[in-house]
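Participant: So the sequence lines, in the order shown, correspond to chains S and C.
By our numbering, the letter at position 732 of the first sequence is numbered 732, and the numbering carries on one by one without gaps.
By our numbering, the letter at position 10 of the second sequence is numbered 10, and the numbering carries on one by one without gaps.
Just so you know, the hints here were simulated from the structure itself, not pulled from any lab data.
Heads up, some of the hints might be wrong.
Which stretches of chain S does chain C cover? Using the computed rule of at least three CB atoms under 8 Å from a CB of chain C, they are [to be verified]:
id, region
1, 291-304
2, 336-348
3, 663-674
4, 682-693
5, 797-807
Don't be surprised by glycine CBs; every beta carbon is placed ideally from N, CA and C.
Here are the chains, one letter per residue:
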Amino acid sequence: MKDEITREDRVANLKGMGCSRKRVEDARFTQGKGNYVDDIKLPGMLHGDFVRSPYAHARVKSINIDAAMALPGVVAVLTAKDLEPLNLHWMPTLAGDKQMVLADGKVLFQGQEVAFVVASDRYVAADAVELVEVEYEELEVIVDPFKSLQSDVVLREDLVAEDGSIPNGAHGPRKHHNHIFTWEAGDLEATEQVIDNAEVVATEEMYYHRTHPCPLETCGSVASMDKVNGKLTLWGTFQAPHVVRTVASLLSGIEEHNIRVVSPDIGGGFGNKVGVYPGYVCSIVASIVTGVPVKWVEDRMENLMSTAFARDYWMKGKISATKDGKITGLHCHVTADHGAFDACADPTKFPAGFMNICTGSYDIPVAYLGVDGVYTNKAPGGVSYRCSFRVTEAVYFIERMIEVLAIELNMDAAELRRINFIKKEQFPYTAALGWEYDSGDYHTAWDKALEAVDYKGLRAEQAQRVEDFKAGKTRKIMGVGLSFFTEIVGAGPVKNCDILGMGMFDSCEIRIHPTGSAVARLGTISQGQGHATTFAQILATEIGLSAESITIEEGDTDTAPYGLGTYGSRSTPVAGAAAAMAGRKIRAKAQMIAAYLLEVHDNDVEFDVDRFVVKGAPERFKTMKEIAYAAYNQAIPGLEPGLEAVSYYDPPNMTYPFGAYVCVMDIDVDTGVPEIRRFYALDDCGTRINPMVIEGQIHGGLTEALAVALGQEIAYDDMGNVKTGTLMDFFLPTAWEVPNYETDFTVTPSPHHPIGAKGVGESPHVGGVPCFSNAVQDAFRPFGNRHTNMPHDHWRIWQTANNLGMHD
Amino acid sequence: MIPAAFEYYRPTDMAGVIALLQEHGDDARVIAGGHSLIPMMKLRMADVPHLIDLQGIEGLSGITVTDGVVRIGAMTTQHEVIVSDALAAAAPIMKEAALQIADPQVRYMGTVGGNVANGDPGNDMPGLMQCLNAQFHLTGPDGDRAVDARDFYEAAYMTEREDEEVLTAITFAAPTGGYAYEKQKRKIGDYATAAAAVQISKEGGKVAAASIAMTNLSDTPVWSEAAADALVGTACDEAAVKAAVTAMLGDIDPTEDNRGPVAFKRHAAGIVLGRAILRAWSRA
Chain S
1 MKDEITREDR
11 VANLKGMGCS
21 RKRVEDARFT
31 QGKGNYVDDI
41 KLPGMLHGDF
51 VRSPYAHARV
61 KSINIDAAMA
71 LPGVVAVLTA
81 KDLEPLNLHW
91 MPTLAGDKQM
101 VLADGKVLFQ
111 GQEVAFVVAS
121 DRYVAADAVE
131 LVEVEYEELE
141 VIVDPFKSLQ
151 SDVVLREDLV
161 AEDGSIPNGA
171 HGPRKHHNHI
181 FTWEAGDLEA
191 TEQVIDNAEV
201 VATEEMYYHR
211 THPCPLETCG
221 SVASMDKVNG
231 KLTLWGTFQA
241 PHVVRTVASL
251 LSGIEEHNIR
261 VVSPDIGGGF
271 GNKVGVYPGY
281 VCSIVASIVT
291 GVPVKWVEDR
301 MENLMSTAFA
311 RDYWMKGKIS
321 ATKDGKITGL
331 HCHVTADHGA
341 FDACADPTKF
351 PAGFMNICTG
361 SYDIPVAYLG
371 VDGVYTNKAP
381 GGVSYRCSFR
391 VTEAVYFIER
401 MIEVLAIELN
411 MDAAELRRIN
421 FIKKEQFPYT
431 AALGWEYDSG
441 DYHTAWDKAL
451 EAVDYKGLRA
461 EQAQRVEDFK
471 AGKTRKIMGV
481 GLSFFTEIVG
491 AGPVKNCDIL
501 GMGMFDSCEI
511 RIHPTGSAVA
521 RLGTISQGQG
531 HATTFAQILA
541 TEIGLSAESI
551 TIEEGDTDTA
561 PYGLGTYGSR
571 STPVAGAAAA
581 MAGRKIRAKA
591 QMIAAYLLEV
601 HDNDVEFDVD
611 RFVVKGAPER
621 FKTMKEIAYA
631 AYNQAIPGLE
641 PGLEAVSYYD
651 PPNMTYPFGA
661 YVCVMDIDVD
671 TGVPEIRRFY
681 ALDDCGTRIN
691 PMVIEGQIHG
701 GLTEALAVAL
711 GQEIAYDDMG
721 NVKTGTLMDF
731 FLPTAWEVPN
741 YETDFTVTPS
751 PHHPIGAKGV
761 GESPHVGGVP
771 CFSNAVQDAF
781 RPFGNRHTNM
791 PHDHWRIWQT
801 ANNLGMHD
Chain C
1 MIPAAFEYYR
11 PTDMAGVIAL
21 LQEHGDDARV
31 IAGGHSLIPM
41 MKLRMADVPH
51 LIDLQGIEGL
61 SGITVTDGVV
71 RIGAMTTQHE
81 VIVSDALAAA
91 APIMKEAALQ
101 IADPQVRYMG
111 TVGGNVANGD
121 PGNDMPGLMQ
131 CLNAQFHLTG
141 PDGDRAVDAR
151 DFYEAAYMTE
161 REDEEVLTAI
171 TFAAPTGGYA
181 YEKQKRKIGD
191 YATAAAAVQI
201 SKEGGKVAAA
211 SIAMTNLSDT
221 PVWSEAAADA
231 LVGTACDEAA
241 VKAAVTAMLG
251 DIDPTEDNRG
261 PVAFKRHAAG
271 IVLGRAILRA
281 WSRA
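Just chain C, same shape as in the assembly (with noise of 0.2 Å):
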């Protein structure tokens, strides 16, 4: 557990953090709050000789709310997410998943910008984000792009972002309706067996738009349009939810590791969706 030699870097400003990573390539990574990287790092899976550390650059944390746009800066931590009260009431789902990320301790570390910009598919704000239709915000040497959430997972840890742009921020559309995060998990600080975001919006008593993505059960999270699809315009009846939890599980792709068999997590992810939807549909 003691990591190879790097160098590391803290610049002040974003033109130094984009001129290191033109410089190095890929053998330097951005260090956000370190709880997934240095792991990585120690146990010697991941080389990195250049490590830039974020934490010199302002602008980079925090949350505004304008307009029913959401913005949370790249740096902003778990534990910020948590006692945010704009954010609380613009998109109280972030605060029920981000209660459900690992420890408190981690919580104060880790940050919001590192766990979608890591590409693991064990984190759960990547999927909470295709769940909320969010932008990531890149900054690169030709200038400032946005890729959508949905759009921005390829495999586990490959992601559309260049290895000179880093991720500063995300926007979303403050979700109405329903929410629920649902997520089963080992113990506290595990990844999910299986999670769940939802986000049910309701008209005349019916299912007027959904969202649905899943965690942890692919390479990547899942964003299942087909799940939702089978929502809108039911009233989210037994029938209902049992058709999104078949569509999803055809878009899902769980492999068996420590926490079970394919055959279990396929099993918990039909409950965990379930209860996700339920849950989603009493607060809609």
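Just chain S, same shape as in the assembly (with noise of 0.2 Å):
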């Protein structure tokens, strides 16, 4: 037979791997046609809605839901005495702390769920909510964790014992009755005499403020509870819908086979969706109670109050290094601000979750990390907003230490970098804190990267600049901020990586049809990464059919094979392994097949693009598309028909991407606004897959570390109220805020990943909330700056010159 068409073609048809392929999602979501949790609407639903605490901390004395069910179309009121008998009143939260569904005695929070009402429709729960009478009494409030580790007030009293002693947390001893647990790694006494004995040692104290994921779409559920055959399907917002329907299952008593998790089309999650919310319990209860499909969608006021934050980390740091620069030691403590439950999203074994990361991309001989965890009168969370596991905080913390150490040393920041970097030979390198870094080749990647935006003539310039602020002739004044990163992703290998005991492994199941198209389902759910686009280039590139031939679905527990979600950039490093595997299973009975159709031996033919030719003689081949069809349709000996594969993928390492970004940035210390005149981003996730998605991730990862660099936060006063509730105060950035960005790349493949594949999708927030930061302090360096915290917003940039006397 004679092949009509050239391989580059054939290579251009598959449209696999390293194809800037258009995204297969954006037909629906470009024209409104998505289907979110919000969009499902079934006969009979009902709606739920909270009544909410107004006060951070207050003992409810009572709750009286007479007028409530009085008004028309309200059909129930549920408080967590309907909740105790079924033992629904609290919840286990993955951090192995409980957390109340609704209010049970008192309150912890400001948005605390009290109440849930069920209504006919929307508007009368929201007109139920304003009915229901609860009298609180208010109580002393603490939002400062070192304040709590010292006060008087038991916040958690179900967490002390009758006796008043204070038992073990999930993590081991507890220090106070405010305390949750303290996380050590690494060798303090080496550290500290490391340090103690050090020429240069520069310390710093940082706080990297409590923020949100915000995705667009809020949380929300749908419970349907069917009575005739004891099946409870629950649409929701889920990152992670197997585990969900595991959760669900042992709350409530359901088998796991009576229950069906979906997650429909996901508006963004960045975190915010990994945990489970006291709504979706609520639905699910609801629905049970009164035998009709409940709905639950929070509004952005809620979701903003009451659904898990990120960061809220006091870091303290000391750095020690020679003269010369040569980083000898690392110590940092951390105070955790965990709210009134500790309800962090992170493996079960690091309730820091990767924090001990903290070395970054350096060659430290001796480190050591302590973290302490404290309850507070905030609202619970700790989930890794666009990144691995508190991998953000981690980076944050050692590039500003890095920078401090360089004034220190009265050193070029680069510079200082540059001899600390990990060698490439020395990968896999394990470091101070245990990692085992798996490729990297930072020097190569920063070279690029300082030469890209001519680096030296940046700093030229800033020097004439200073000279002209000096002499009057200018009040702008110009940053270089420098960021090089190492993240930690693809979590995880199961023998240390779990969440409530489910091991973190990953997986895909691929069915082939008879005339060559396919549908492969996985244990992930894209939130808006394109996974229908990705993974569908890995398998084209595996199996040798077209991308465009193959489906990919995601997110209904009862197609999907077991998988444990999609957060901490862990899909394509580990469910994206498992679509790999799985190909290849399918490439091997394929060959299999080809050798008997081509009358040669399994080991006479070699897969090529598209299919299988006999070696050496290149005209005599099988398109995997007739393999598809004989696979089905024609008896050969000793192989069942069918071709289809399942891999269950449990990575024996994490991945480790870098990358090292330039941010220019020029700041009118008048008006303290920041102006961003250039930004650039190497990033290193190893193979691409489709260079498109990858830019997509990065433009909107570093835009999202633009906001939480330059004004993103919760903020609470003192009385514990949120400052920050509504989108006109908590900055979303829109296109107008956002520069330009300029990205670029190095392929250091990971040496253990299948395809080599490192995972994207948080690198450019990781990296760049230090950017944007060093850059403004950079700015402010030649004139005395030494920290100032996040968020620069334009008072505290102002307030950074006005303390520098800048405007004297």
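Two chains, two separate frames, one set of hints: put the complex together.
Facilitator: Structural data, given as structure tokens:
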């Protein structure tokens, strides 16, 4: 048989790895045809809404639901008393703590769920919320974790024994009734010794403020309990639908096969949709009680006030070095404000996530990290907002410590980084705090980045600007922000990564249809990442069918294989690997079929793009389409019919993407307004599956980094009132605020990943936050600045200038 | 973000509007573009049992310039302000300011009348109207009357307008000389951290007349006669600008919020005004 098209065309037709294929999801998203949880409308469906606490700390004296129940259309008002017989008034958190579903005796943060109103429509439910009368007795509010550890006020009375003693928590001994855990990594004694005897030591304290992922779609669920067949169906904004199914089964006692969890289209997650919220539980209970479907969808203020926050880390660092800048040791202590319940979404054995990646990209011989978790009267949560677990905090910490050390050494911060990078030949590299970095080539990336922006030229320009400012010729100063980050993603190896005991593997199941198209299902769930596009590309390259002929399905636990979901940039490192491995199983069977059809031995055929060819005789081949048809329709001795495969992938290690970022910023010292003149981002995420999707991810991650660095925060007043509960005050940048981004890359594949990919969705956020912050701080360095805390909004930048006497 | 139940009316003439306002008193509110009122209703911070939509009334929108007098109907949108050639010629400061209000979606719906009538100290048009010495035309049960913009604002959301009155139009004499609307804000869609509206006319190299108003630096817009007086007769040099800023700082009374502490706001107000004066002078 003669081939009509060239091999080059066959590769192009495949739309496999490396191709900037357009996102298949966008046809529906750009036309308003997505199907989100709030689009789900079922016959007879009721609507739930919460009565929430206006106080941050108060005893609930009484709840009167009579007036609400009297309102036409109100079906039920649930309180903790109604949930208690089901043992659902509290629920376990992912962090090994428990949290109230509905206020049980007291409230611990503003916006806490107190009662759940169920009504015939959303408007009646909102009216009824106003009619529920709750009597509160205000208690002393604690919003400062340091004060919390000194206070006599007991926030969590359920965690103090009757004799007044403090039982251990999920992560060991607790030092105080408002203390949650102490978590340590590294060698304290050796670190202290090195720092005590060092030639140069830089110390700094920094607060990484509380913020929020703020996805465009808020959280919600629709629960439908079919009392006839005993099956519960739950649609919701779940980044980990299988975990939700297992947790729902454990909590409710409904057997897991009778629960179907569906994540429909999700309008952004960024970590906010990993945890389990009282609204999900209440919609399930309400559906069980009423026998009809119940929908709960929160509004924007509820999302910002009560669902999972991010950061809120008070970090204290010491870094030591020789006089010529070789780093010798690093000490980090974190006071972590976890709010009212410890509901952090981290692998269970890591209560501070992967904060112990805080030695960064540097060859630091000895280090120590200690983290103390503390309860306060703030919303619970603690998610990895567009980063792997607490990696943004870790990278911010080390990238600030490097800058502070550079000031201490009176040295250029780019050069200080260069002389301390882990060298290419040191990989795989075991860091002082335990992680084994898989691969990297930091010097190459750094040199490429600095050359691209003409780093020397920028420093010369900055020096001139300082002179001009001092001479009164300008009121604008200039900063060059640097960051070099190493991420740790792809959680993770089951031997040390689990969530509530569930190992963090992931999965892919492929079914090839007789005509040579396919459907593949994975244990992950896209929230905008473009999985339907990129996973099809991995499979196209692995199995030789065009990506256009491969449907990707995720999010329905009745059809998708078990997986731990999408967060922490784990989808490509884990589920992407499962896809490749499942594809290879398909290919192995296809090889046997091809050999049979071509009447040669199995080893005499080889895979070539979209077919198997007889070695040395490329004109003799069978395309994958032909093989698929034969798999179903031809009796092949010794082979079962069909062409399917499933793979569960337990990664041998995490992956370690890295990158080099430079931000050039001009700052008006009188108004405090920063202008980003240039932003250059070099990312190395290993093998690149779809360059266009990567670029989109980087633009999005950098924009969220800009937001956090320059203004986005969840701020509380002393009474525990949320000051930033709407998008008027919570900074969500628009296209107007976003600069032009220049993206670049190097490729250092992961040696242990089947296709060498490392994950990219969160890198730009991890690297971007310190880069924007360093740009602001670098602008003020020549005028005496050492460190100022984020967010660098106009007034805080102005304050820095003011404190440095620049308005005199 | 779900409003309480309300009755919705869409009368077709002003008499119908006035009758409804008389019937329901302060339980009724008229709605123009709705971009201030509807969010307040959704937050249940404004309780409006009777909502009267003005969209069915003819003659409430449009911009005319006749014999040097600009008339802007209350239902004229910010977008229409931006695209009106007649207005750009007669009072270019209107376009410069409107382009700094909210975002394009809001400007397609938000109206000039709603912006000035609501009494929100964050709105840009009230200060601008004081700078232009505009008159607000009100229609009520006792007929029509006009109130100077400079006399209209009493406190946040409190104005000279009676509950039974509707603001129907704004008029002002087309300004002469240079202009500038300078606004510092945190992001698109935000209210001003500080904003300044400035008109300056020039004769013989000196400031002949000036008008200065500040936005979001008090619970009402601040027309600073003292700041303008500090410029008149000068060559608008550094000392004069400084004097104007100092005078303005005596008239504003900002409060601390998420935009920053009082000291910052006062500093920003001075910077914003200084820049507005220099730009207006350069155009005078």
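Participant: Please go over all the hints and tell whether each is borne out by the structure.
Facilitator: Results of checking the hints against the structure:
no. : hint    : result
1   : 291-304 : holds (count 3)
2   : 336-348 : violated (count 0)
3   : 663-674 : holds (count 4)
4   : 682-693 : violated (count 0)
5   : 797-807 : holds (count 4)
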